[in-house]
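*Asks:* Next come the chains, spelled out residue by residue.
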Amino acid sequence: MNDTTTKNPSTADVALKVKELFASTVREGPGPVGDVCLWVEARSLSDVLRHLKDEHLFDVLMDETCVDYPDRPQRFEVIYNLYSLSTGNRIFLKVAADDQEPGLPSATHLYGSADWFEREIFDMFGVRFENHPDPRRILMYEGFEGHPLRKDYPATRRQPIIGPTDGPDHQARHG
Amino acid sequence: MTTIDLADLPRDYLDSRMVLNVGPSHPATHGTFRFSVELDGETILQCTTEIGYLHRAFEKMAEQGTYTQVIPYTDRLNYCSAMINNTGFALAVERLLGIEVTPRCKAIRILFNELSRIMDHLVCIGANAVDIGALTNFWYFFRPREEIYGLIEAICGARLTTSFTRIGGLSADAPEGFVEQARSILPGIDEAIATVDRLLTNNRIFIDRMSGVGVISKSDAISYAFTGPCLRASGVSYDVRRAQPYLGYDQLDFEIPTRTEGDNYARYLVRMEEMRQSRRIVDQVLDTFPEGPINVDRPDVVLPPKSRTGNEMEALIRHFKLIMEGVKPPKGEIYHCTEGANGELGFYIVSDGSGHPYRVRVRPPCFPILSAFPRMVCGSMLADLVATLGSLNIIAGELDR
Numbered sequence: 001m002n003d004t005t006t007k008n009p010s011t012a013d014v015a016l017k018v019k020e021l022f023a024s025t026v027r028e029g030p031g032p033v034g035d036v037c038l039w040v041e042a043r044s045l046s047d048v049l050r051h052l053k054d055e056h057l058f059d060v061l062m063d064e065t066c067v068d069y070p071d072r073p074q075r076f077e078v079i080y081n082l083y084s085l086s087t088g089n090r091i092f093l094k095v096a097a098d099d100q101e102p103g104l105p106s107a108t109h110l111y112g113s114a115d116w117f118e119r120e121i122f123d124m125f126g127v128r129f130e131n132h133p134d135p136r137r138i139l140m141y142e143g144f145e146g147h148p149l150r151k152d153y154p155a156t157r158r159q160p161i162i163g164p165t166d167g168p169d170h171q172a173r174h175g
Numbered sequence: 001m002t003t004i005d006l007a008d009l010p011r012d013y014l015d016s017r018m019v020l021n022v023g024p025s026h027p028a029t030h031g032t033f034r035f036s037v038e039l040d041g042e043t044i045l046q047c048t049t050e051i052g053y054l055h056r057a058f059e060k061m062a063e064q065g066t067y068t069q070v071i072p073y074t075d076r077l078n079y080c081s082a083m084i085n086n087t088g089f090a091l092a093v094e095r096l097l098g099i100e101v102t103p104r105c106k107a108i109r110i111l112f113n114e115l116s117r118i119m120d121h122l123v124c125i126g127a128n129a130v131d132i133g134a135l136t137n138f139w140y141f142f143r144p145r146e147e148i149y150g151l152i153e154a155i156c157g158a159r160l161t162t163s164f165t166r167i168g169g170l171s172a173d174a175p176e177g178f179v180e181q182a183r184s185i186l187p188g189i190d191e192a193i194a195t196v197d198r199l200l201t202n203n204r205i206f207i208d209r210m211s212g213v214g215v216i217s218k219s220d221a222i223s224y225a226f227t228g229p230c231l232r233a234s235g236v237s238y239d240v241r242r243a244q245p246y247l248g249y250d251q252l253d254f255e256i257p258t259r260t261e262g263d264n265y266a267r268y269l270v271r272m273e274e275m276r277q278s279r280r281i282v283d284q285v286l287d288t289f290p291e292g293p294i295n296v297d298r299p300d301v302v303l304p305p306k307s308r309t310g311n312e313m314e315a316l317i318r319h320f321k322l323i324m325e326g327v328k329p330p331k332g333e334i335y336h337c338t339e340g341a342n343g344e345l346g347f348y349i350v351s352d353g354s355g356h357p358y359r360v361r362v363r364p365p366c367f368p369i370l371s372a373f374p375r376m377v378c379g380s381m382l383a384d385l386v387a388t389l390g391s392l393n394i395i396a397g398e399l400d401r
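Residue numbers (this note's numbering), protein chains in the order written: chain A, 1 to 175; chain B, 1 to 401.
If you're looking for bench data, these hints aren't it; they were derived computationally from the structure. One should not assume that every hint holds.
What the hints assert, rightly or not - Estimated spans, in silico, between C-beta atoms of each pair: (1) A:His109 x B:Gly379: 20 to 28 Å; (2) A:Arg137 x B:Asp300: 38 to 46 Å; (3) B:Ser16 x A:Ala23: 55 to 63 Å; (4) B:Pro374 x A:Arg158: 31 to 39 Å; (5) B:Leu199 x A:Pro30: 32 to 40 Å; (6) A:Glu142 x B:Asp300: 44 to 52 Å; (7) A:Arg137 x B:Gly353: 30 to 38 Å; (8) B:Lys331 x A:Asp134: 31 to 39 Å; (9) A:Arg137 x B:Met61: 17 to 25 Å; (10) B:Ile323 x A:His109: 14 to 22 Å; (11) B:Ser16 x A:Arg137: 40 to 48 Å; (12) A:Arg158 x B:Gly248: 41 to 49 Å; (13) A:Ala155 x B:Pro175: 32 to 40 Å.
What the hints assert, rightly or not - In the DSBU-like style, the derived pairs of lysine-lysine whose C-alpha atoms are separated by at most 35 Å in a straight line are: (14) A:Lys19 x B:Lys331; (15) A:Lys53 x A:Lys94; (16) B:Lys306 x B:Lys106; (17) A:Lys94 x B:Lys218; (18) B:Lys60 x A:Lys94; (19) B:Lys321 x B:Lys106; (20) A:Lys94 x A:Lys17; (21) B:Lys60 x B:Lys331; (22) A:Lys151 x A:Lys19; (23) B:Lys328 x B:Lys306; (24) A:Lys17 x B:Lys218; (25) A:Lys19 x A:Lys53; (26) B:Lys328 x B:Lys60; (27) A:Lys53 x B:Lys218; (28) B:Lys106 x B:Lys60; (29) A:Lys151 x B:Lys321; (30) A:Lys53 x B:Lys331; (31) A:Lys94 x B:Lys106; (32) A:Lys53 x A:Lys17; (33) A:Lys151 x B:Lys328; (34) B:Lys331 x A:Lys17; (35) A:Lys53 x B:Lys60; (36) B:Lys218 x A:Lys19; (37) A:Lys94 x B:Lys328; (38) B:Lys331 x A:Lys151; (39) B:Lys218 x B:Lys106; (40) A:Lys151 x A:Lys53.
Glycine included, C-beta positions come from ideal geometry on N, C-alpha and C.
Build out the structure end to end from the sequences listed, making use of the hints.
*Replies:* The following block contains the structure:
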């Protein structure tokens, strides 16, 4: 068996400490098999991230992604995948979210990689991030309607293929 | 003689800045993405990146079919090293199912993972050298690459889009004489690496173009979640094969090359050394190439052999159910990462217990790397942008998914 399937004890210790410190807003919950996952309430997300980064050396935001559960009151689950290069620990954070303003606090002030990850989550799911420096779509174009990775966006839906917008005259156009 | 007071001139007149569009279809991008660079003369003042031109909705499409039907899509992520993506996805689903593949399957997967890594680095270094004007290396490199493709073709029939792994095993066993064929192409790889090493590593022009260019500091590389050769060239010895070993990489003897400069030249040197290390792994795997089955003994996961499907009712039913309904992992989530050619290639899979994945997220190593690109090129010359881009090995298929 892949040895990452056993829980790294030190990650479990980190989880215990974080739960103690943020007792009212953090709890352990279901997450990826073999990894430690903490469910965090949006209001303390920034503090938990900062605490993990500064105190427990989780220096890499390896990935940030989202899953859509349309039946839940807050339908989106945003998942933070944090890795520590010095201890080799990996911890997952989950935050429930919806598509309302102001959205989740952005992690861009702590991790450079959050910039594009959060743009992608906004693009694909419509989850907003407060204080994001550049809250635009990233993979889809500006005029694209809807958020394609939501469960209610049909995979067969087609939207117009856009051409280049009318730019300045080009010599090749001869007119 | 009248004099012109410079302050009276319109601002634009004095402003030597101009905006230049690089891409989306540009020979240096080796794919489709666009930069808009603001230049003062030839110095880059600002750079904005626009991606998404090659978006094919991988993650959405993966939710539509069965788990096995995702495998062909993974070929098209990093198409220079499709085998690594195949393996990464299969391993993630296998971990969710609690399956450990057979020793022979592991050996074949490792072998092709490392050969794919070599191929990927061959393309990266070759193309990077072409971009800065050294064409010959590309040809020296593409000969062994072609021979590796020949080996891939021998085992799975395809060259680029291999779709080689299956959940719980492989689509085909190694053909007769496979180990000998694999051994026969290895000297060509060594020779090409040695030739290019002689041509480039101490080449004055090459060093001038690469050294000190496209620098990313260790702290920035960590903040931007760099992984793979780009992180190792900035002084962090992180390799998933070591940090979270899979397929038995912990049993193999190899080193993780690192450099501290964080520039294009460091990335070149790291990739060159990684190819040599991958070659060592290939040797070790071929020396202990195990016999035995390639698929696990799990009737609910692996298709019965064709000879039985045609002759036994039970096998036919099993075949039919597996094709129509698919493999059904238990309800749950998994994150599994493998060391892709460009860094940590992670698959986050959510299963709702049915035959279709509820969500498949792929963590593409290129994506965070390109997000730091403006940091690496601002202040340098326009021509350095091309050299830097080549050294990062951005693969648009993986970037846009």
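*Asks:* State for each hint whether it applies.
*Replies:* Do the hints match the structure? See the list:
| no. | hint | verdict |
| --- | --- | --- |
| 1 | A:His109 x B:Gly379: 20 to 28 Å | 23 Å, holds |
| 2 | A:Arg137 x B:Asp300: 38 to 46 Å | 41 Å, holds |
| 3 | B:Ser16 x A:Ala23: 55 to 63 Å | 59 Å, holds |
| 4 | B:Pro374 x A:Arg158: 31 to 39 Å | 33 Å, holds |
| 5 | B:Leu199 x A:Pro30: 32 to 40 Å | 54 Å, violated |
| 6 | A:Glu142 x B:Asp300: 44 to 52 Å | 46 Å, holds |
| 7 | A:Arg137 x B:Gly353: 30 to 38 Å | 33 Å, holds |
| 8 | B:Lys331 x A:Asp134: 31 to 39 Å | 37 Å, holds |
| 9 | A:Arg137 x B:Met61: 17 to 25 Å | 19 Å, holds |
| 10 | B:Ile323 x A:His109: 14 to 22 Å | 49 Å, violated |
| 11 | B:Ser16 x A:Arg137: 40 to 48 Å | 33 Å, violated |
| 12 | A:Arg158 x B:Gly248: 41 to 49 Å | 45 Å, holds |
| 13 | A:Ala155 x B:Pro175: 32 to 40 Å | 38 Å, holds |
| 14 | A:Lys19 x B:Lys331 | 26 Å, holds |
| 15 | A:Lys53 x A:Lys94 | 16 Å, holds |
| 16 | B:Lys306 x B:Lys106 | 23 Å, holds |
| 17 | A:Lys94 x B:Lys218 | 28 Å, holds |
| 18 | B:Lys60 x A:Lys94 | 21 Å, holds |
| 19 | B:Lys321 x B:Lys106 | 27 Å, holds |
| 20 | A:Lys94 x A:Lys17 | 17 Å, holds |
| 21 | B:Lys60 x B:Lys331 | 19 Å, holds |
| 22 | A:Lys151 x A:Lys19 | 32 Å, holds |
| 23 | B:Lys328 x B:Lys306 | 21 Å, holds |
| 24 | A:Lys17 x B:Lys218 | 29 Å, holds |
| 25 | A:Lys19 x A:Lys53 | 15 Å, holds |
| 26 | B:Lys328 x B:Lys60 | 19 Å, holds |
| 27 | A:Lys53 x B:Lys218 | 16 Å, holds |
| 28 | B:Lys106 x B:Lys60 | 29 Å, holds |
| 29 | A:Lys151 x B:Lys321 | 26 Å, holds |
| 30 | A:Lys53 x B:Lys331 | 31 Å, holds |
| 31 | A:Lys94 x B:Lys106 | 33 Å, holds |
| 32 | A:Lys53 x A:Lys17 | 14 Å, holds |
| 33 | A:Lys151 x B:Lys328 | 20 Å, holds |
| 34 | B:Lys331 x A:Lys17 | 29 Å, holds |
| 35 | A:Lys53 x B:Lys60 | 32 Å, holds |
| 36 | B:Lys218 x A:Lys19 | 31 Å, holds |
| 37 | A:Lys94 x B:Lys328 | 25 Å, holds |
| 38 | B:Lys331 x A:Lys151 | 18 Å, holds |
| 39 | B:Lys218 x B:Lys106 | 34 Å, holds |
| 40 | A:Lys151 x A:Lys53 | 33 Å, holds |
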